[in-house]
Amino acid sequence: MNSLYTILVYSENIAGVLNQITAVFTRRQVNIESLNVCASSTPGVHKYTITCYCTEEMVKILKKQIEKRIDVLQARYYTDEDIFMLESSLLKISTQTMLENPEVCRIVRHHGARIVEVNPTYSAVEKTGTTEDILELYEDLNRLGVVRQFARSGRICITRDTREYLDEYLAEREKTVES
Amino acid sequence: MKQRITGAEALMRSLSAEGVKTIFGYPGGSIMPVYDALYDYTRGEKKAFDHILVRHEQGATHAAEGYARVSGEVGVCIVTSGPGATNTLTGVADAMLDSTPIVVIAGQVPISALGTDFFQEVDLVGVAQPISKWSYQIRHAEDIAWAVSRAFYIARSGRPGPVVLDFLKNAQTEMVDYAPEKVGFVRSYVPYPKLEMDAVQAAADLINGAKKPLALVGQGVELGNAQEELIAFLEKADIPAGRTMLGLSALPSTHPLNVGMLGMHGNYAVNMKEQECDVLIAIGMRFSDRVTGSLKTYAKQAKVIHLDIDKSEINKNVKTTVAVVADCKESLPAITALLKKGDHKEWRESFKPLDKKERAKVIEPAIHPKEGPLLMGEVVNTVAEATQGDAVLVTDVGQNQLFATRYFRYPKHRSICTSGGLGTMGYGMPAAIGATFGAPDRTVVCFMGDGGFQMCIEELGTIMEHQAPVKMILMNNNYLGNVRQWQDMFWQRRKSFTRMMNPCYELIAQGYGIPYEAVTDRKNLAAAVAKMLATKGPYILECAILEDDDVLPMTPPGKSIDEMQLELAPPPTPPVREGRPAE
Ligand SMILES: Cc1ncc(C[n+]2csc(CCOP(=O)(O)OP(=O)(O)O)c2C)c(N)n1
Ligand SMILES: [Mg+2]
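Chain order of the listed sequences is A and B.
Its first residue numbered 1, the first sequence is counted upward by one per residue in our numbering.
Its first residue numbered 1001, the second sequence is counted upward by one per residue in our numbering.
If you are wondering where the hints come from, they were derived from the structure by calculation, not from laboratory data.
None of the hints are false.
A partial selection of chain B residues facing chain A, derived with a Cβ cut-off under 10 Å:
1) G1126
2) P1130
3) W1134
4) S1135
5) Y1136
6) Q1137
7) I1154
8) R1159
9) G1184
10) F1185
11) V1186
12) R1187
13) Y1189
14) K1311
15) N1315
Beta carbons are placed, not taken as given, at the ideal position from N, Cα and C, and that holds for glycine.
Let's have the full structure, built from the sequences with the hints guiding it.
Dropping the structure here:
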């Protein structure tokens, strides 16, 4: 059975790692739903947050194939219960329609979104939340025909676990090099 | 102590520091500074290396593979950018699938030209990454000492594999304060996972309770130099063992617990018994589809213990009951220490009737035919008998490979070079060249088909130049025989482009000045083989082989391994075609 998994990958900051990670998904015919890459809280370590739908058996294989790449430090997978997660989005809407139809502002408020710019031509709306929150806002506004552009980020997340597995791994490796 | 030298010279020093003795290569524009340095380092007082000029860069990679396989050292290639680099990719992919340690160093355009579609520019790291263990671009001379040492460390440690270094031309000419480096640790890479005693205990418990244990021995045993540890393990618990094609010499074929080769064209009994054993112990093998046949039915009755250094192999193809992720040099003795002395005579004896059946139906007719044209089986058997003991077997790909691996003998370790995972035609001849440099004191025999012989035929030039003592046995059936067999068995005998017109190989041999003899008649075979082996240097023995002989036994592709056939099913009725006379 397919479920949504969030895979957190940490790698050394060496060129070409992203290619190697995405190639693992392509080879096993798993689509990446979203991808976010940024520096992690550990200096010199990059963090990749990847979501995909697949079976648990497959996500275990993906994890091991990713970790097999030399410059990857660690890959672990999570379900939504295991993490705090966020996505953000931006919408560009027509100011004229917004002014003509009070429903637009009501929807923006109802969804807890923020209007971050208003000018005579367009207005910009920002919304942070889960995928579902964001898509609901988009659909509600789109139904009114006001959306000119829509952008949604990849997922970012931190784990709920009290253990820090990357730190443990790095400490363990540190010990190995000393001995 | 630091010294100011060019990047090219720094490469020479780094290679020397890694213990490199032999380099297979081919020069070109983007690697000229390195070749200029090589000029000094291959002669005179600075001499550190032998450089073998191949005739095609693919040949360099296979030669490096053959060298690595027999010697246990890292094979090294140096080539130019662009076409030189892309020509190595088949060998890199081959080395990846077969866990062979090689380092390919390719020239690259200078940093100022990168990304501009410069003459002979190819994004080598981009194309090599998915088929190599590690690929890295050396952009400046300061990186050389680190990158080269890291490359060798990664290639040879853990599960070995190919590493590609893309060496920018500016980095070759820049001056650098060179000091050797020795990389023996990479934070993100754990080549030797820590042995977990719980797993060792669980494995030992399963084996101690087994009534019908069966071991599957792979190349990992050779790569881990655990041949002795394997024997101690098998003997203590009295476990029969089959070997994969790449693992054939990991357990001497003369050992009483050896029960033959696994896989699609392996031995009959062991294939049947994989479906009957109660505990299956896989050691340094990866459950390739050529071994397992259909996974839906493979060894479902058995508890599976998997010993592997690469955790990504665990549960990849076959569900494992107990995984022992570690170097088998460590895990085998740890398990052996916990084993009770076993006695599985009855179980082992039960292989014998099946062996007998295979011997009568398949082996005897293949190695001792009474009439008709020569067969591959008898040629291999004759060579195996004549070389008893010391020879290294190199094969190309196809029927020649399957007959050669089936009927050769492997009393010694590190005695087989064959392209298992990628099945690369053209591998044989250059790999055999590499093997003669990797094991200069051993006889190297190389079986090839008429198709594969022509796929790296240019390496006859390398053989000629170095008088590399490769005993080439060209088994000529005038067909791309392996494909022809599948067409006959599964494609209604429609031989689509598998018949092939052959050149006069005697004239080719003459052109290269390589001694040649042809055998067409079985009564001359043994003498011809003896003459080949007694002749110093290279030799080509061409054998005229029955055109439509088939390799048996065979598990049809996608079928369960207990559906292995000892004889051909009656031919399917060819499709009736309107207006055409039946063939
Ligand atoms: C590079 C490459 N191309 C194609 C194939 C597919 N293939 C596998 S075996 C074979 C026939 C080999 O013919 P030959 O070398 O004459 O050997 P034979 O089977 O006749 O002994 C072919 C074409 C391959 N394995 N490698
Ligand atoms: Mg042939």
